[in-house]
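Participant: Assemble the whole structure, with the sequences as input and the hints as a guide.
Note that the protein sequences, when read in sequence, are chains A and B.
To convert, note that position 66 of the first sequence is 66 in the working numbering; the numbers rise steadily by one, no gaps.
Count along the second sequence from 1, then add 370; that gives the number in the working numbering.
Quick caveat, the hints were computed from the structure, so don't treat them as lab data.
Careful, some of the hints might be misleading.
Covered stretches of chain B (chain A as the covering partner; in silico rule of three or more C-beta atoms under 8 Å from a C-beta of chain A) [as the list claims (entries may be wrong)]: (1) 526–536; (2) 673–679; (3) 773–780; (4) 785–792.
Listed below are several chain A residues computed to face chain B (Cβ distance under 10 Å; list not exhaustive) [what the hints assert, rightly or not]: (5) Ala37; (6) Tyr38; (7) Thr60; (8) Trp61; (9) Asp62; (10) Ser65; (11) Val69; (12) Glu77; (13) Asn80; (14) Thr177; (15) Ala226; (16) Asp229; (17) Glu255; (18) Asp257; (19) Asn349.
Keep in mind the model is a prediction, meaning the values are calculated, not measured.
The beta carbon of each residue, even a glycine, is placed where N, CA and C say it ideally should be.
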Amino acid sequence: MKLLTTFTATTALCAAGSMAGAQDMVDDMTLVSWGGAYQNSQIEAYAKPYMEMNPEVSITWDESSNEAVAKLRAMNEAGNITWDLVDVVAADALRLCDEGLAMEVDHDELLAPAPDGTDASDDFGDLIVSDCFIPQIVYSITFGYRSDMVPEGVDAPDDICDVFDLETYPGKRSLETRPINNMEWALICDGVPKDEVYDVLATEEGQDQALAKLDTIKDDVIWWSAGADTPQLLADGEVFMGSTYNGRLFSAIEEQDQPIEMMWDAQVFDLDGWIIPTGLSDERLARVQDFVRFATDTQRLADQAAYISYGPARESSAPLVGEHAELGIEMAPHMPTAPENSENVFVFNYGFWADYRDDIDAKFQSWLAQ
Amino acid sequence: MSNLTVDVKRPPLSFTMPVVAVLGACFGFVTGNIFGQAWLGFVIGAVIGAGLAGILAQIVQVRLWQKVWGTCAVFALAGLIAGGIGGLVGGAVMGLSMGWFATWIGSGQYRAGVPIYYTAGQTLWHNVFLFICAFVFFFLVAPLFPVIWLSFNAENFFTFTPEMLAFQAEGYSLKHYREFFSGGGHPVQGILYGAVIGAVLGALVQLLPNVQRGLARVVVFAVVGALIGVVVGKMWGVSGAEWMTPLKNSLIIAPFATLISVSLGTLAAIGLSQTHVPGRQAIMAVLISPMIVPLIISATGMFFFYAPLGNWLEANLGLNQTFVGYVKVILAHAALGVPFVIITVTATLVGFDPSLTRAAANMGANPVTTFFRVQMPLILPGVISGGLFAFITSFDEVVVVLFVGSAQQQTLPWQMFTGLREQISPTILAAATILVTISICLLTTVEVLRRRSEKLRGMSPG
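Facilitator: As structure tokens, this is what we get:
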């Protein structure tokens, strides 16, 4: 009996699908994200309200954003795309778009306009860095330090170059095991003006200069690769200061009550957002488009900020950012985009790293191994 | 050998004191390190060790164990005064080790286990060997203890907080266990339904001929039913829960994979033990290959093998995508489990006398009856241990499921893997502690049952 029902349902679905199109949507979706507090903020702000409106929908989360590029390649080759919507950083979105693994979208058609009627593409503005990329949040990579490990008689660190100052601030630092950001910070602290950093880094001498600067602290660096590492090392007191995503530090400071402080100086902004994989069936695509339109509207992006301290990508969402859902503290001052935090922001150059990533990566890795 | 050993003599203090001083110096070094005075601690420890050996040698009226526990108590008290409750525990451990070592050396017990003609060097090597064995054992088991300890952490980091180290109640909590078990389910209904079904089954079994009767059986069935029921009930209707969904998936995938690998593996082992099968070695090599080929290679291969298979099943048989996903993972895990079953069953088949099957045939049993009534009971230990290995392989496996499975089939190791990378949360430790406990219970049960059946078989005639 059950088999028969399934069979008729399938036939009906196929028939309807061939006739109508846009209205038919599948009821289950697999969303890919980063896990942890960030995925939780997406569940609370987007998925739960969406499922309340559409009780027939069930959503499965896959915490695979870290290897999204490799997995999507494999899925594409095997002809079996099991993901419906993938959360990636902007750099990955660019790669996926170039390889044709992510679908190009018309932002104005797909995404909801701002409440005042502004088109989505104007509301998101420059953050739409690729035709495939649907921005969600602005996050930053910045430093946090143990407030109880600041040496006596010394001011707390408030300058990016304090990371390289082992005399005033002894102790271990944790840095990400990749050249991006580390090389720029090293050059800034070696006297290179901020707007010339990428010109210098494009030359062999410039790269050597950055590595030489990093060499001065190399013995005191613990290298991290996952976002959870630095908060863990800070909580352990194993490092004095370390770089990581600002939301992780917020969570360790405000939610976990750790003696850690933010050091916003020379924070590096980056973007995170959705891409839709290519090769979805019409029914799946229709469901995903429906969900994305809902999940990236002005109110939803502002709601997300109640769970994690990442800035909403829409300009129209900023005034709607309220209080933390559990702690009840104002979230606006904790955003990387808040004026007092973004006095000295380092602007990350996607184009430069797309061109030089492979060369500098190789150089950086061999330097690490020395 | 026992007649070669005689009552041991107590060694002179000139031997005892330096030896115990060395151990004391080691402990002193560690303790001193905590206060940033490692070498001072080293010296103080050595002095205390030597002093302890000297004092214990003077006390003769007291039994050895009293000396050991007395030392332990003194050290623990000293630790309590110096460093609170944490110091108490540390002091007790050090006192116990020092006291035992000092009496063991001082009373000459270290010579009790060796023949009397052993030279000093041979005795030393004998005891060093025992210590090496003890250390190997220690290093195998010791990593479990911090994991279990940290799983009761009250904070969301892998950190021994000062409160934990001081053994204060506020440093500990069960919240990571609550987190692990959170997310719906109906455990209470599960217990009730399970107990009722178990009791009914127990009663029905009594109707069968040739079965021992009694209320005890019904109770046992009901208890087992309730245990199964609580697990099934807890899993029933769970979806989207961070840990319960993966656990449910693991509990679906592992038993089916085990069932398939045990059936196929046992049959393959029996077939391959027949001398007339052509190309036995080659077939064996192919079947064992999942164990030898690096897992990541098998996983990649399986991914590209099962993806079109799954597409075909979905497209032509109209099967549900989630269902097909489970089938793919179960088949992949079954292939990984088969070599373990083949190896263990082949090993037990070596001891199987083939004339028994001929005797059974002679008495009119067909091959199927012979297999189930004669061969199977004899090779059962091999089948069970092979099955256990297959189960653990599937239950622990993370690489293949990452490739072959999709998010709907996320298993417990997968969740632990991503959890460890994305959010270092002690819930992983709670999960690990629960898994370790389950493994220990499972293995103990199997071992108890095996011994019991061996005893029963040994006692019953024929």
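Participant: Could you tell me which of the hints above the structure violates, numbers in ascending order?
Facilitator: Going through the list in order, the structure violates hints 11, 14 and 19 and respects the others.
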